[in-house]
Each structure stands twice: as structure tokens, then as C-alpha cells.
Amino acid sequence: MATRWLPILWRLVQTIPVVIGVVIISFVLTRALPGDPAVQFAGQMATAESIEQVRVALGLDKSLPQQFLIYCKALLQGDLGQSIATGRPVLTDLATRLPASLELTLTALILSCLIAIPLGVLAAVRQGSWIDHLCRVLVTAGVSLPTFFTGILLIYVFYYLLGWAPSPLGRLDFIYFDPPRVTGFFLIDAALDGDLRTFTGAAKQLALPAITLALFTLAPIARMTRAAMLTALSSDYIRTARAAGLPPRKVLFGYALRNALLPVVTTLGMVFSFVLGANVLVEKVFAWPGIGSYAVEALVQSDYAAVQGFVLAMALLFVLINLIIDLSYTLIDPRIGFSSK
Amino acid sequence: MTDITPRQTGNGMLTHLGHVMRENPVTALSFGLFSCFVLQAFFGQWLVPYDPLATNSARALEAPSADHWFGTDQLGRDVFSRVIVATRLDLTISVLAVAISFVIGSVLGAVAGYWGGWLDSVLNRILDTIMAFPLFVLAMGIVAALGNTVENIIYATAIINIPFYARVVRAEVNIRREAGFALAARLSGNGHMRTLAFHIFPNALPPMMVQVSLNMGWAILNAAGLSFVGLGVRPPTPEWGIMVAEGANFIISGHWWVALFPGLWLMLAVFTFNLMGDGLRDLVDPRRRT
Amino acid sequence: MLSVKDLSVAFKTRKGQVDAVRGISFDLAPGETLGIVGESGSGKSVTSYALMRILDAGGRISAGDVSWNGRDLRAASESAMRSLRGREISMIFQNPRAALNPIRKVGHQIEDVLRQHGRATRSDAQAKAIAALEAVKIRNAAERYHAYPFELSGGMCQRIVIAIALACDPKLMIADEPTTGLDITTQKAVMELMRDLIRERGMSSIVITHDLGLAAEYCDRLAVMKDGQIVETGPSAQIFANPQHPYTRKLVDATPRPGVSIRDLLPPEARMPELPHDTDGRAILEVVDLVKTYPGKSGPVHAVKGISFTIREGQSVGLVGESGCGKSTTSAMLVRLLDPSSGAIVFDGHEIGGIPAERFLRDPRRAQIQMVFQDATDSLNPRHNAFDSIAEPLRRLGRMRGARLAARVGELAQLTGLPAHLLSRYPHQLSGGQKARVGIARAIALDPKFLILDEPTAALDVSIQAVVLNLLADLRARLGMTYLFVSHDLNVVRLLCDHVIVMQDGQIVEQGPTAKLMDAPEHPYTRELLHSAPKPPAAPFAMGHAAAKAAE
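Residue numbers (this note's numbering), protein chains in the order written: chain A, 77 to 417; chain B, 220 to 509; chain C, 33 to 584.
It is worth saying that the hints were derived from the structure and are not from the lab. Careful, some of the hints might be misleading.
[As the list claims (entries may be wrong)] List time: in silico DSS-like cross-link candidates among lysine-lysine, alpha-carbon distance up to 25 Å:
1. LYS137/C / LYS326/A
2. LYS567/C / LYS326/A
3. LYS47/C / LYS258/C
4. LYS160/C / LYS203/C
5. LYS481/C / LYS220/C
6. LYS220/C / LYS203/C
[Claimed, not checked] One-sided and incomplete, this derived list gives chain A residues near chain B with beta-carbon spacing under 10 Å:
7. ALA108
8. THR223
9. ALA267
10. ALA295
11. ALA371
Cβ coordinates follow ideal geometry from the N, Cα and C atoms, glycine included.
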């Protein structure tokens, strides 16, 4: 078993350069933002002198490599700096807003998987039939929809015309109280609290943005499922299983789908990145108080500490997700540990 | 086919195009739609009934009518004219961005896939780093840092697409590195560079074409998304993303047409690109020739 | 017990209906082994899938009857068939590694079958699966139970496939190309295991293969298929001794076997006298202590461990060994695609092993050493038509253009028997034999002195192999080339080569003149290789020829 842990360790080592790269890019990116942070920090009434004081206080008078070292040191202490816009530590801002984004993203992904994977399997099993073609056109249409446009369209239909959905402003209508914070996920917190009213309220609020995001991610997941299933179904071992008299259900799910899921899991990592990106747009449309809308505000205002913190948080989150996916892959697929040797 | 001499390819390509389109109606449809978009991009500004920038406050927010097919926006500008004229800008951004990432990604991926070793490892780590950012967020950052210009949108879109090409080319080149025809090319006196460029790389084109078509779609979505959050093309320039963003403010008051039509056009363009993938692949795949 | 009458199988394709099997009939008696022999596309595998009713999508039995112990298999319901498959009739396939689920323990795959057919319960499944593994002579069966297919060798995987097939004691086993892709010694072990198990259990079996020699050795009766029809059936010895149908005769002739000459492979009317080739020239290639070591993650890998041999001008030398013996690495070094770790390659009196491969491209001797690759499909650029493929070395190294180039390509096509109108075709539009000709034409385009043939016929049907081997023999005599023929098949090497080198584990274990090495092998490994090669009954009409040759 010792050999099984080696690739996992190796995978962990591989993330180190990526994390370093992410830190460098986030630093460079924010230093390149237009506007002088010292001027912004000093406030509107600042004199040239007070601006200079702020500059020294922030370390902005030092050379770039020195600034980078200061930045790294602060990072190691968990200090992401202060946001100009909110006046609070960036870390606090992110911590309050991240659960909102994650709740939306994960709901959308789960929703999308629930639809796309069966759809992909069906398309593969009935390859070349009208179901297959319909699936292709549907998922292509889904991925062609700009998320911000889908969001607006859904709001128009379900809020303005039909009145089914609540007003698209945030995570919870003002008539409800926020559930006691445990995880920061309103659905889970409300469920833990046993508050059914808040739970349904939060779910209603979540429905439209989650559907918007899910529509966008159907295509890559369904396509990959279909392709992987086709490969699996045409494999020799499927024929062996059929020739041994195994029933279709066992052949399809026990043999084909389990092999096909491996590439699908990998795709999920990429899709997660798409969704995090698309989140920014959807959060803006639905006034969702997540880190996406936070980042848009920060970028527009050149709030560099906030931008830095956001970019870093997103990238690290993504690295983490991919690490988890790779590690689970190593555990599912017995071949991984050996092929990388 | 037997009467075609080895040198004569120009005419063969056209016949082949016809063949590919006849074989798959979806491909024919997508190529047809694409030509429509190209026509709009080239001649749109002379074909539209109104000046896309001309405001007319007397006729603001009018629903679609015979005068204004797609209605008018909050400043009384003709939505139809704006939608058509915007085609050129959106198409230019996506085509240029995809072209840049295609070239850079191909070179990087081919080199890494052929030589492997530390070169491959370094490239993979760099690509991992780029991919570690949610790509749209990275594009937002780049545009914010470099400034809101069309060129910067193109660069940002190109950068975030490079990893996809590099990965596809790397994989395709890598499996053919030791293929018999690559070795045979070297026995014929081709060095590594020539073998890679003229023998191995062209065989990676079919799967690349699928990637190109998907990326053109993403590139348009990306550019429009940037404009939507205020980090792209600036008003009053007609651009699909901004028009949707502007229209979004009026959707809750029931003025659906301001956002719907630019959104539809945007969607149709992306849909067209996505559908073109298989056709483009068949076009560059000699095995599809009969 | 199995009776097939007028069976036809049709496939629906985009170009309309294709009849893969067209009205075949045969019977199988209890305890009998029937061999179905045919070349690719003859419909032999489709026949077996039709019997099991596991045809791929779009395929169906369009006519005829299949009856199994009085039951109509064509009309049987899918669930009845399912209970039959694996329990009464089972099947094993080619490419055993791919035939097993890659992410499921082999023991569990056997259990799936046992439990599906009610032969085991949750509690005793593991014990029964281990017993099934022991039945196919797998050592440490309890340990192997937990193995995944990728951890096992090809031969071991085929044993497990057999264990799955035999787990429920079926009455009939269908083996579809069971040893294709396995090494020759493994092939013998697997075939003998299969034969013994089938005899022990009194089962019937159907062996489907392209290898007439293999079928003749292990089957009681043969059915020869061509274009979806059975052209001849009869006892194995009789088919070989006295083939009735012209196609059977052609197949029998084309099968390489001891005691025949290369011309005997061709149909009698095509047997021109073989042109003599001079084998006593000076040494053209001397290999001295050649070593290739790759850096591996778990220590260096020694692919070639210091080999030395000499090839004389005009000679044809066979380099024989099983997969992984280092023969491909050796040929890659000799053709100067790969730099040796140490040792010398002296070609025509000059040391060329020390010239880096990339620099050797501009060496005048580049054109002198060429190679014909193993897989004709893989060795032709899919984007180049036949003309461009052949012209490539002429353009790059020969600096030929225009009319001169076209004339030379035409000349080469004629020399290799490739019809001129095929020159504008792309590889996917050519047959296997035609692609092989293009590959050979390209290799000889620059009049090389030394040609390395890397299993040039391994992927070809026997009748085409016969033609290609004879083409190579003719070209050798006409152009005065020296050959290094790399192969795993001693029967083929014997036909073409004057001298044989046997490699095992990166070392030469034995070398010598072909006749001596084949008749009186000294090394045990050579003996094992010779012993493992299928031995079809020698056809009497060929004997005269061989005897005459032996008398010379």
C-alpha cells in the first residue's frame, strides 16, 4: 500500500509551484491596476503630505521586490490587508461572502450533474437516435446562452410575467431573518435550525441563479459523459461481460458507467472553474452578496487589497478542488499510482 | 478521386466543402449562419436603417414596430441597427483572440509534446497556474490592470484560452511523436523541427478545429461578459454585452426588447460557433475525403 | 449439439445494408473442436457474435437457424439468452488485457459471473473464484484474486478470461482469436491450457483464427470462410493435405511452415524461379558491443546489453525475439534514429554510431540505411497521399523536383507492384497490402544498401504476407540490398533469411546460419521458440519442392 501514497505525495508537491505562481500573478496584477492606492487610502481631504505618510505606512515607497516580500510575509500571517470600499479586513469580507458564492456554485453543479450525467448516458446508449441529437442541440444551446442574459430572461419570465420567483435581490427576502450562522450556507443553516420557512425562502431565492448557472454547465458535463460512455461501451470488457451473461443493468452501470465516470470527474474540475467565473456575472444580475459581486466592485474602484484577496482566494480554492479531484481519482482508479511511476 | 493529381488542391477543397456540408445538415446550417454573421460584420453598417448612435428622446423605449423592428432603447436609439452594427466588433474580438491563442498555444504545446522532459514540466506548471484562476476572473483582472480598450480585451481573452490549445496540441503531438510516419519522415532527412511542423502538427488539426469552434463561442461570451460588468467596451459603442447590461435595467419594468435582441444575437453567434466544430474538423481531416 | 443452418448476418450502415455473413451452415458434435479460419473481413468473428446474440448495434441475424441442443437460439428471448451465455455457451476474446474491466479486481469479475448464474453465494463466492483461478493454473491464486488487470501479463490476463469463461462449466466455449497479440511461447501455453481444459471437461469448442497453422494443430475439423461464406469444411489434416477449394489451397500455400520455400507461398501459377542473391560479400555492417540504457524512475533500464554481430553485403539476417527482448531498440539504433549508450556501429567501413542522430540526417550515408516499418497504416502520414509519401525522401535527400521526381516515383511504384492510379490516394483509401507497398517503395526510393525490415508483414493477412515477402525477396535480388529482418515469427524468418540472430532480454543468445540454427538449435531459448511455433501438418505437394531444395 505504501506505493499508493507516493503519487498522492507527488501530486501535493506539484501544487507548490502553482501556488507560488498564483501568489506572484495576484501581486503583479494588482500592482498594475490603475490609480494610486495611497491617494485612495488617504481619503478625499488628503494633502500631499498625508498621502506620502500613507504611502510609507503601506510600504508603497519601497521597491517592488521588497513590496512582494512584505506581501508574502503578511500572507503567511493570514493578513490580506484592508478593503478601501468596506473599510474592513479583506479576510473578514471574504469569509462572510464566500459561503454565499459556494452555496450557489455547488447547488448549480449538483443540479447540473443530476441532469447532465443521465442525459449523457442516455445519449450514448441511444447513440444516433433522435434522443442523442436532441441532447446535443439542447446542451449546445445551453452553453451558448450568456449567463447574464439567461439570468435576465428568467427574471423577466418568472418574476415579472409569472410572479413565481421572489424579487431577485440577494439570498433572502427581507421578511425573513438570516438563520443562525453555522456553515454560512443558508439552506444548511436553516435546516439545522429546523426553520422550514426560512429554508423555503432561501431555496426560492436560490432557484433562479442556480438554474442559470446549471444551464451553462450542462454541455461540458453531458458531452464528456456521452463521449466517455461511448468509449466504455465499445470496450472489449463490455463484450466480455455481455458474453458472460451479465444483465444489461450490471453491464451499463457496474462496468461501463464506473469506467466512464473517471474522465467525467476530471471534467468537473474544469467546469468548477467555469462556474466560479460565471458566478461573477450571475451574482451581479441577482444582486447576490457573494465574492463575485464583491470583486466586480473592487475592480471597478481599483480596491487593490480586495482584488488581491479575491483573486488569491479563488485560485487557491480552485487548486484545492483540483487536488481533491485528483486525490479521489487516485483512490478510485487503481492504475494511477503505477502509471505515474 | 483517381484523376486528381497530387498538386491540385484548390478545387478539391471546394468540392470537399460541398461534400462535408451535404453529409451533415447541422454543419451546413452552421456554415450558413456563419456566413450571415460575416456578411453582417462586413456590410452591416451600410445596411441598417438608422445610425446606431443617433438618439431620439421622443421615441425612447418603444416596443418593436414596423419602424423599429427590435424597438428602441432608453435613448431612443434603434435596437436593430445597434445589434447589426455590433457584429463587427464582437466578431473581430473573438476571431483575433482565438487566432492569437491558437498560434501561441500550438507552438507551446507542440514543443512540449514533442520534446517532453523539463520543458514539458515547466509548461505544464505554467498552464496549471493560469488555469488555477477562474478564467473569466483572470480576464477581468487583466483588462482592469491594462485598461479598458478593445486590444486589451483581445489580449485578455487570448491569454485565458492559450492553455486549452496547448493541452490539445501537446496530447496530439505526444501520441504521434513515435508514430511510424514521424520516424519515416526523419529517415527521409527531416530534422526534428521539420518533422514536427510539417508531419506531426498538421495531424493535430482536426481535434484543434473543435477547440477553435468552442473557443470562438467562449471568446464572444467573454468579451460580452466583460462589457456587461463594465470592464469592456464602453458605451455608447454598440456591443452585445453592453446592450444586454443596459437593457437589464429595464427588464423589471417590462421593456424586454432592449435586452432580448442583443442577447439573442449573442446567443445565436455562440450557438453557430459551437455547432461549426464538427464541420471544421471534417474539413481539415483528409480521412473524411472520399 | 450445435447446428447452424443458412445463417446470415446483416449490418445496417450509412451506405445501406452490408451482409457480413451470407448463409453458412455447420454442425458441432459434443466434444468436438471446430476451427473457423479466414482472413480479415471474412465474417468469422461476426459468426461467433451471432451465435451468442451479442452483435454490435445495427447488426442482426437476417436469415437462417441456430439450434443449441434442440433450442432455437434465433427465436430465444433476450433473458433466456442471458441465462445461456456464460453458463452453457461462453466466449473468450483477443486482446485479453482489454477484455477485462480495468478498474475491477479480477477475482470480483469472476464472482460476478458465478453469482449471476447462481453458482455461488455471497459467502462462498471468493473461495469459488479462487478455485476457478487455480483451475486455469494460476499460481498464488488467492493473491491474484486481488490483482487488477494492468498488474498482470498478457498471458495471465488471457488465463483469467478463460477462468471467467469456464467458471460456470459451460458445454461450449467459443475462442475468438485467443492468442493474437501474445508472444509465441505464451501462445503455446495458452492454447495447450485451453485444449487440456476442454478435454478434461468434455466440452465442445469453436476456435476462430486467421492462423491456419494454429487452427490445424489444435482443431479436429476446420471451416474455411471467405467473404461471409464457408468455402470448405473437413478434418484438419485433410484440409491441409488435400484442399479442394481454390481459396483454401491459396491459404494453405500462403501459410509459412517448415519445409517450404518462399516461392511455395504463392499460388502455383505465380511461382517464378527465385532469383539468386549473393551472400558472400564483404562485411557491410559491424556491430560491436552495442548498449542502450534508458534512465528509468526505478533505476536505469537496460534495453540492449552489449550485443555484437556482423552482416555481410547481400545477406539477409533475421533478428528474432519476443516482445521486450530489445530487437526494436536495436533496429532503431542501427537505422540511426536512436543514439546508442555505448558501442560501435561500423557501416561500410565507417563508425556511424557516434554521430548524433540529428546530425546523421545530413550525412551522405543517411540515404544508404533505410527502414520499412511494422505497421503500414501507422507509418504513412494520413495527410499525404501515396505519391507524396514515396516522394518525401526523394525531395528531401535526393533533391528531386518536377518531372524527374514524378518519373522516379512512377518507377518505384512499378517496382513494388503498386498500380500508378493509386498514387493519388490517401492511406485510408488503400488496402493493407497496398499500404505495405507504399512503405517499401518509400524505403527503397534512394537505393539504400542496407534495409531494416521491422516486422513488415505482422499486420497483414497471410495471402498478402506471402506476396509481400516474395516482393522483398525479388527486390533484394534485383537491387542487391542487404536486409535485417526483425520478426517474432521463426517460420517467416526461415523463408527469407540466410542468417538468424536470436535475442532475449537485451542479449544475443544464439546466432548462426538459418538452416543450422533451425535444425540444431543450441540454446534452450531457441529450442523453446522453435518448439512453440505452430506446426501445421506439412502439405504433401509442397514436399517435393522442399526435398528438391534440400538436396541442392
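**Request:** Below or equal to 25 Å on CA atoms is what counts here, so check LYS47/C against LYS258/C.
**Result:** holds, 22 Å
**Request:** With a cut-off of 10 Å on the beta carbons, see whether ALA295/A makes it to chain B.
**Result:** It holds, given that the least Cβ distance between ALA295/A and chain B is near 8 Å, below 10 Å.
**Message:** Interface hint check: ALA371/A, Cβ to nearest Cβ on chain B, cutoff 10 Å. Holds or violated?
**Reply:** Since chain B brings a Cβ to about 7 Å from ALA371/A, closer than 10 Å, the hint holds.
**Request:** So, THR223/A near chain B? Judge it on the closest CB pair being under 10 Å.
**Result:** Cβ of THR223/A sits 8 Å from chain B, so the hint holds.
**Message:** Please verify whether LYS220/C and LYS203/C have alpha carbons no more than 25 Å apart.
**Reply:** Roughly 23 Å between the alpha carbons, so the hint for LYS220/C and LYS203/C holds.
**Prompt:** Can ALA267/A be said to touch chain B, with a Cβ gap under 10 Å?
**Reply:** This interface hint is violated because 29 Å lies over the 10 Å limit.
**Request:** May I ask you to test the interface hint for ALA108/A with respect to chain B, counting a Cβ-Cβ separation under 10 Å as satisfied?
**Result:** holds, 4 Å
**Message:** Need the status of pair LYS481/C, LYS220/C: alpha-carbon distance at most 25 Å?
**Reply:** violated, 38 Å
**Request:** Would you check the hint for LYS160/C and LYS203/C, treating anything up to 25 Å between C-alpha atoms as holding?
**Result:** holds, 19 Å
**Prompt:** Given the hinted pair LYS137/C and LYS326/A, is their alpha-carbon gap at most 25 Å?
**Reply:** holds, 16 Å
**Message:** Next pair to validate is LYS567/C with LYS326/A; report whether the Cα-Cα distance is within 25 Å.
**Reply:** Roughly 42 Å separates the two Cα atoms, so the pair is violated.
In terms of the numbered hints stated before, the structure departs from hints 2, 5 and 9, listed from lowest to highest.
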